[in-house]
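All residue numbers for the sequence shown refer to our numbering, where the first residue is 86 and numbers rise by one.
Don't read these hints as lab results, they were simulated from the structure. Do not take every clue at face value.
[Unchecked claim] As a list, the in silico DMTMM-like pairs of lysine to aspartate or glutamate whose alpha-carbon atoms are at most 25 Å apart: (1) K760 with D791; (2) K743 with D724; (3) K475 with D724; (4) K818 with E867; (5) K818 with E751.
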Amino acid sequence: MAVESRYLSAGANRYAAAADWSEDGLVAFGSDSNVCLWDPTSPRGISHLLSGHTAHVRAVKFLPHDGSDKTAYLVTGGDDTQLRLWAIDPVTGTTSCAQTVQGHSGPINCIASLRKVVESGGVSRRIFVTGAADGTIKVWALEDGQVALLQTIKTTKKYIPLTVALSALDEDASRLVLAVGGTTNAVQIFTAATGADFTLQATLPGHENWIRSLDFVREKADPGSDLLLASASQDKYVRLWRIHEGTALSALSAAGIDLTTDALTPGNKMHKITAGTTEYCIMFEALLLGHEDWIYSARWSRASDGKLQLLSASADNSLSVWESDAESGIWITAARLGEISREKGATTATGSIGGFWTGLWSPSGTTVITLGRTGSWRRWDFDAAEDVWKQNYAISGHTRAATGISWSRDSSYLLSTSSDQTTRLHAEWTAADAAHPTWHEMARPQIHGYDLNCISTLGPSSFVSGANEKLMRVFTEPKPVARMLSRLTNTALPDAAALSALPDAANMPVLGLSNKAMTSSAPDPDHPEPNPAAPSEEPGPTDPTTTTSPLDTHPPHPPFEESLSRHTLFPETEKLYGHGYEISCLAATRDGSLIASACRASSLNHAVVRLVETRRWTELRPPLAAHTLTVARLRFSPDDKFLLSVGRDRQWAVFGRKEGEGEEAEYVVAQAEPKGHARMILDAAWAPLVGGDGRGRRVFATAGRDKLVKVWVGKAGAAGEEGDDGPGFKLGKAITLESPVTALDFVPEVSDEGVIRLAVGTEAGKLSVLSLRVPEEEGAGEVEVVSTLTVPAELCLPKAVIQLAWRPAREGREKEGRELAIAGEDGSLRIYAFASV
Numbered sequence: 086m087a088v089e090s091r092y093l094s095a096g097a098n099r100y101a102a103a104a105d106w107s108e109d110g111l112v113a114f115g116s117d118s119n120v121c122l123w124d125p126t127s128p129r130g131i132s133h134l135l136s137g138h139t140a141h142v143r144a145v146k147f148l149p150h151d152g153s154d155k156t157a158y159l160v161t162g163g164d165d166t167q168l169r170l171w172a173i174d175p176v177t178g179t180t181s182c183a184q185t186v187q188g189h190s191g192p193i194n195c196i197a198s199l200r201k202v203v204e205s206g207g208v209s210r211r212i213f214v215t216g217a218a219d220g221t222i223k224v225w226a227l228e229d230g231q232v233a234l235l236q237t238i239k240t241t242k243k244y245i246p247l248t249v250a251l252s253a254l255d256e257d258a259s260r261l262v263l264a265v266g267g268t269t270n271a272v273q274i275f276t277a278a279t280g281a282d283f284t285l286q287a288t289l290p291g292h293e294n295w296i297r298s299l300d301f302v303r304e305k306a307d308p309g310s311d312l313l314l315a316s317a318s319q320d321k322y323v324r325l326w327r328i329h330e331g332t333a334l335s336a337l338s339a340a341g342i343d344l345t346t347d348a349l350t351p352g353n354k355m356h357k358i359t360a361g362t363t364e365y366c367i368m369f370e371a372l373l374l375g376h377e378d379w380i381y382s383a384r385w386s387r388a389s390d391g392k393l394q395l396l397s398a399s400a401d402n403s404l405s406v407w408e409s410d411a412e413s414g415i416w417i418t419a420a421r422l423g424e425i426s427r428e429k430g431a432t433t434a435t436g437s438i439g440g441f442w443t444g445l446w447s448p449s450g451t452t453v454i455t456l457g458r459t460g461s462w463r464r465w466d467f468d469a470a471e472d473v474w475k476q477n478y479a480i481s482g483h484t485r486a487a488t489g490i491s492w493s494r495d496s497s498y499l500l501s502t503s504s505d506q507t508t509r510l511h512a513e514w515t516a517a518d519a520a521h522p523t524w525h526e527m528a529r530p531q532i533h534g535y536d537l538n539c540i541s542t543l544g545p546s547s548f549v550s551g552a553n554e555k556l557m558r559v560f561t562e563p564k565p566v567a568r569m570l571s572r573l574t575n576t577a578l579p580d581a582a583a584l585s586a587l588p589d590a591a592n593m594p595v596l597g598l599s600n601k602a603m604t605s606s607a608p609d610p611d612h613p614e615p616n617p618a619a620p621s622e623e624p625g626p627t628d629p630t631t632t633t634s635p636l637d638t639h640p641p642h643p644p645f646e647e648s649l650s651r652h653t654l655f656p657e658t659e660k661l662y663g664h665g666y667e668i669s670c671l672a673a674t675r676d677g678s679l680i681a682s683a684c685r686a687s688s689l690n691h692a693v694v695r696l697v698e699t700r701r702w703t704e705l706r707p708p709l710a711a712h713t714l715t716v717a718r719l720r721f722s723p724d725d726k727f728l729l730s731v732g733r734d735r736q737w738a739v740f741g742r743k744e745g746e747g748e749e750a751e752y753v754v755a756q757a758e759p760k761g762h763a764r765m766i767l768d769a770a771w772a773p774l775v776g777g778d779g780r781g782r783r784v785f786a787t788a789g790r791d792k793l794v795k796v797w798v799g800k801a802g803a804a805g806e807e808g809d810d811g812p813g814f815k816l817g818k819a820i821t822l823e824s825p826v827t828a829l830d831f832v833p834e835v836s837d838e839g840v841i842r843l844a845v846g847t848e849a850g851k852l853s854v855l856s857l858r859v860p861e862e863e864g865a866g867e868v869e870v871v872s873t874l875t876v877p878a879e880l881c882l883p884k885a886v887i888q889l890a891w892r893p894a895r896e897g898r899e900k901e902g903r904e905l906a907i908a909g910e911d912g913s914l915r916i917y918a919f920a921s922v
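All chains, please: the whole structure from these sequences, using the hints.
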């Protein structure tokens, strides 16, 4: 294939049912409207982004394997009310949407599947259940690759199902039990026999708040043993229920009931239910206490020795692994994973949305993963030799639209900003057992309080970003991050002088927006603390001011989520003021000496471009005026002699650089086109100089909502020099696409065949690369479209492409293809390699 996916980064949706782990070891989770596939044992990270849903994916569930059919089936549902069936070939890795079903009229909250394939009349049936915000529960069956509706259960008024669990009551699955939990404090139990509908049999009271998760398991590996149901609730407790065939529990089981405290002892009423002609009884089994906030999920697993384990994930930032004590039968916490909340008193009751949203077991039961507030996954592997859970690296990504990207000057890393208020640094890392490098998030330089809109690198160790605020912020890489990146990415450290000039660390003050620079300092023995009784101010092991950073002793793999959010912040070194409204775009010269920026505007006074020189961090006045509405994009030419601006007022302007007598350069309007497009212009890009020898033709392209890409060609010669009559840009070609064009970028070099390559992204998420031939002399004809490479539909985005950026050329790696970074409105960050570009 001409296009290869090198890196897919996407943050998971924060829903308890939005992820599942298959028997094949594949994790599927929802990310915005995408469904991501990830093998936690592979350093590559996300392998596929499945597009099809039109809104957030809330529920994901793998269906059980059929012995004769190796195809893995995945069912997903979300805010678009659609149910989608995906077919995954485990051998070739190909994926496809097998069927789309429109059954619910509200967002689908949860999906549960029977763990075995039911054989009936020579036909294999995979039965699953969905619950939605329309107040209905629907029972479905997958037969011969097609999904069919079996039954619709309507809930009571104002009751919304949030979680469902489905299990067989007997070995051949002729009798089924369905548990439903939601916006009440009771669990509803439904049963069904072969060929019959589910009917409500019992309502289990006890919880004091909404029920978030339900899961069934057999008490023992024997299919005839009792069934256990775990229910997790917002009341901070997990309750266990026993389902026993017959009308009375054995004396041993009855004696094993765990009533922990008198105050929390529920009415231990036995509930009798029937499935067909068989009677069962349900009784409260145990109350699990230990979490300090809402519990979002509870999942069963059976260890290799047959012991049952329950994994609970809570908003208190912890995972708990529960086991039944062999002697007393009391359920105890065998392991507690996660972290202690940094915000004391911050709970869901006070508006916090932190914590862990779901917890999943691997098929072997030796690995657990959990989803955190930032959309990032955390992973722990069980070390049997040391009898301890050890944390391992996982994946992360933006949780809202990726709004800006910028490559470092040496192309060693990629910076991305997002509406999720973070800036992230991505780089390549080669695992010890890997043949090729893989991409990972290596640092999180900025965690902000406003949505971020744009970013540009200024040098090897600094960048500037703009957000929904009136100022820009400049950040500088701290020494520990520089050392970590050099160690993990095999890149050279800055020279000794440059390294010593870097700050030591950064710290985010409480209720602050600025990452404060910290310097290493040791206590002075000659000046003790004025109050000996006060707590010591000596730096601790996690204090950013300690001489040895936690990053310096970090294992040789990408940082964990807690390190990313705490220890990889970049100190903020400058604030750049001047604009009256939120920053809309910015750009920096190749040497980082100038920053151009613009803000949202509805008048000429605010639609100006401001220039800041970075030697003294002062603004060059007067600002550049040409537009009347918001400037959407700013781009410096490859030699920084020209600045191109495009905006919502449908015009483009080129500012030329006039070298003055002083040290500072002055830009003036060299040319403007008030009617560059019929509708607003959303992006622009400069091409490399066509013709070479310093007297080639300058070319740039503009992208508009009028579905056009326009290529503008300047006159031959060294345009823009003193005494010249201007660059003389004229329209060389107008290329029509199927939808509005939102992103452009040229490959920085002209090909050996004299062709320039332009990457194009549209509002519909489509990607293509245009090869253009520009006449070297004026009057030799218009620009010719030599070829068009269309990216396959499965690699395109479900929403708009916001920005494109080709990776600068790297010595010795030309044969690996040119890499293109793609920022999407769906929150994904992608890097594709083009072999033929």
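Checked hints:
1. A threshold of 25 Å between alpha carbons decides the hint, and for K760 with D791 the separation of about 12 Å falls inside it, so the pair holds.
2. Under the criterion of a C-alpha separation no larger than 25 Å, the hint pairing K743 with D724 is consistent with the structure, at around 13 Å.
3. A distance of roughly 51 Å separates the Cα atoms of K475 and D724; the hinted pair therefore is violated under the 25 Å criterion.
4. With a C-alpha separation of about 6 Å, the suggested pairing of K818 with E867 holds against the 25 Å cut-off.
5. Proposed proximity of K818 and E751 is contradicted: the alpha carbons are some 31 Å apart, above 25 Å.
The structure fails hints 3, 5 (numbered hints given earlier, in ascending order).
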